[in-house]
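Colleague: Residue numbers (the working numbering), protein chains in the order written: chain A, 423 to 747; chain B, -7 to 317.
In case anyone wonders, no lab produced these hints; they're calculated from the structure.
What you are looking at is a predicted structure, and each value in this text was computed from that prediction instead of being measured.
Warning: the hint list may mix true and false statements.
Partner residues are not named here, just some residues of chain B that face chain A (Cβ under 7 Å, in silico) [what the hints assert, rightly or not]:
1) Met50
2) Ile52
3) Arg80
4) Arg83
5) His111
6) Asn119
From the three backbone atoms N, C-alpha and C, an ideal C-beta is built for every residue, glycine too.
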Amino acid sequence: MGLAVYLGKRAVRLVLSLIAVSILTFTLLQLAPGNFADLQRVNSGATNFGGVGTESMVGELESRYGADVPVWKQYLIFMKGAVVWDFGPSYKYASRNVQDIISEAFPVSATLALLAVLLALLIAVPIGVFAALRQNTKTDHATMFAVTLGHALPSYLTAAFMILLFSATLKLLPSGGWNGPEDLILPVLALSLGPAAVLARYVRSSMLETLREEYVTAALAKGGPRRTVIIRHALRNSLIPLVTVAGPLLAALMTGTVFVEALLRIPGLGLYFANAAASRDMPLLMGTAMFFALILMVTNLVVDLIYGLLDPRIRTVGGGSHDGH
Amino acid sequence: MSEDALLSVRELRTTFRREGAEPLTAVDGVSFDVRRGQALAIVGESGSGKSVTMRSVMGILPRTARITGGQALFGGRDLLAIGDRELRKVRGREIAMVFQSAMEAMNPTLTLERQLTEHLLWHGICNKAEARKRAVRALGDVGIPDPEKRIRTYPFQLSGGMRQRAMIAMAMVTEPALLIADEPTTAVDVTVQRQILDLLAELKNRGTGVIMITHDLGVARYFCDDAVVMYAGRVVERAPMDRLLDDPRHPYSVGLLGSGVEVGGRDLPLRPIPGSPPDLSHRPEGCPFHPRCAQAELPRCATEQEILTIGPGRDAACWKVAVDA
Chain A
423 MGLAVYLGKR AVRLVLSLIA VSILTFTLLQ LAPGNFADLQ RVNSGATNFG
473 GVGTESMVGE LESRYGADVP VWKQYLIFMK GAVVWDFGPS YKYASRNVQD
523 IISEAFPVSA TLALLAVLLA LLIAVPIGVF AALRQNTKTD HATMFAVTLG
573 HALPSYLTAA FMILLFSATL KLLPSGGWNG PEDLILPVLA LSLGPAAVLA
623 RYVRSSMLET LREEYVTAAL AKGGPRRTVI IRHALRNSLI PLVTVAGPLL
673 AALMTGTVFV EALLRIPGLG LYFANAAASR DMPLLMGTAM FFALILMVTN
723 LVVDLIYGLL DPRIRTVGGG SHDGH
Chain B
-7 MSEDALLSVR ELRTTFRREG AEPLTAVDGV SFDVRRGQAL AIVGESGSGK
43 SVTMRSVMGI LPRTARITGG QALFGGRDLL AIGDRELRKV RGREIAMVFQ
93 SAMEAMNPTL TLERQLTEHL LWHGICNKAE ARKRAVRALG DVGIPDPEKR
143 IRTYPFQLSG GMRQRAMIAM AMVTEPALLI ADEPTTAVDV TVQRQILDLL
193 AELKNRGTGV IMITHDLGVA RYFCDDAVVM YAGRVVERAP MDRLLDDPRH
243 PYSVGLLGSG VEVGGRDLPL RPIPGSPPDL SHRPEGCPFH PRCAQAELPR
293 CATEQEILTI GPGRDAACWK VAVDA
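Please model the complete structure; the sequences and the hints are all you need to start from.
Modeller: Now the structure itself:
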């Protein structure tokens, strides 16, 4: 019961936020210099994908929104479509609807993101725990130095380096494309290093904090084997706050990663978004922006739900269960 | 050293490593006996080393601490010499510990069942089903109503008093011979304090040896048979409890009695001890209490401190006591 009310409230907030995002994005796009048709004319077909003529494009644009329609009405027309998952055709990829582009590209980005965050966690948790258990030793400092390096390294540099190493030199992996599971390896590796570094820092500091808790000492005083106490009492509770870091990281990666997708020729959302922005492709920009906002908010909701699941203190407050009283 | 000693601590020394400074001696040559089925109070202000003393015996010191000397004889073995592997079998099974605050000493994300049964399993005392039965019984024994139901709750779902009882049940479920209670009434309401003390007194009457670490002589006198008064990491006086209360010998003990609200009870004005306990990194030479002592005679008090036996089971670390006696 409490959960239903909670979810209801969150849903209302989500819808209100989406409306705010749409107004903001729409306004900003109106204020941005240049429009799709102008840019197409300047480029005079040289980079005009699909060979669609500028005049017909403008015509299509007019037929959908009406050229003389005031801006606020254009917004309402867009929103009318948006609520039923119809963002209209893209300007740049004129043969396709925005929602079809998103439906096709999002699973690609989401797959990469999920795998990358998963791998990042698998790398980060042991490293963080390892460093925390050796706090202020040389091992700890060396590990954290390496982690900082990993953090500072941008993913496109990692990707470029890995292409050089694994594809060009060792000829082990394809240098890009999206044809089979082997194409996942390079982007997932490149994308996971940064988040792994971020997460390892969190695991370390969270673990250090938990190790100082009296209940860890108390568990040792009960005769617990050190390893068991560290895993059951310290690690478990250290990982709960990690969810709040991993969630937004996942959302950020799921909405596409421009550089890595471009470098490795992956048909993900990030590339479409970047191209849409460059060419002032209004429907695609609006569509992807709103979709990003939605993903981010849904991720945050899921994070909060998982948090409640992991921490009984939050579960009983948020879920309204009053068992045991 | 007496025949019926359950635990004999001799000349215990514990130091803490510090960055860029000499190690700090927190416990400096502490000796005492706990007799079988009796209660010993270790009394002292915060920072006097009473907690570190008992944590040294239990082997649950922080990483920066090191035991640099002494013995802790328990059941014919020296707990300080048997190594962590063997000590773990004693910890939580034969010697159990109760902490100041159950809120901090119990893991917030594990149920009472988990926390009351895990050490039964670690020590291989019984199987899981039997462990649960014992845990329910232990909760009932400490006066928690409806233990079958309460065992499924989390610590935060209990009231402060119930939580403190649950922690005592957690310590007693393995039926230890010795219970170390580290300020078990400091963090609870006055009304609950009395209940907790009654509970500990009952455990003692059933044959469990108890060490009560406290800064409060009013708490210590409640059921303790003997007392050890500590100051700046050293024992300043050892005496049967009633003798200490009637006739304290060391000037610090006299001051401690005079400054306690609960102990006086004779409408005497409170006389706080002037000054404050020394910073252990600048421990005064000789008797560490001499800078605050009204009866100090220089230079003798600033150069030597010897422990003098002044009666059966009584000694005090002040040469003036011998002169008076």
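Colleague: Of the hints given before, which are not true for this structure?
Modeller: 6
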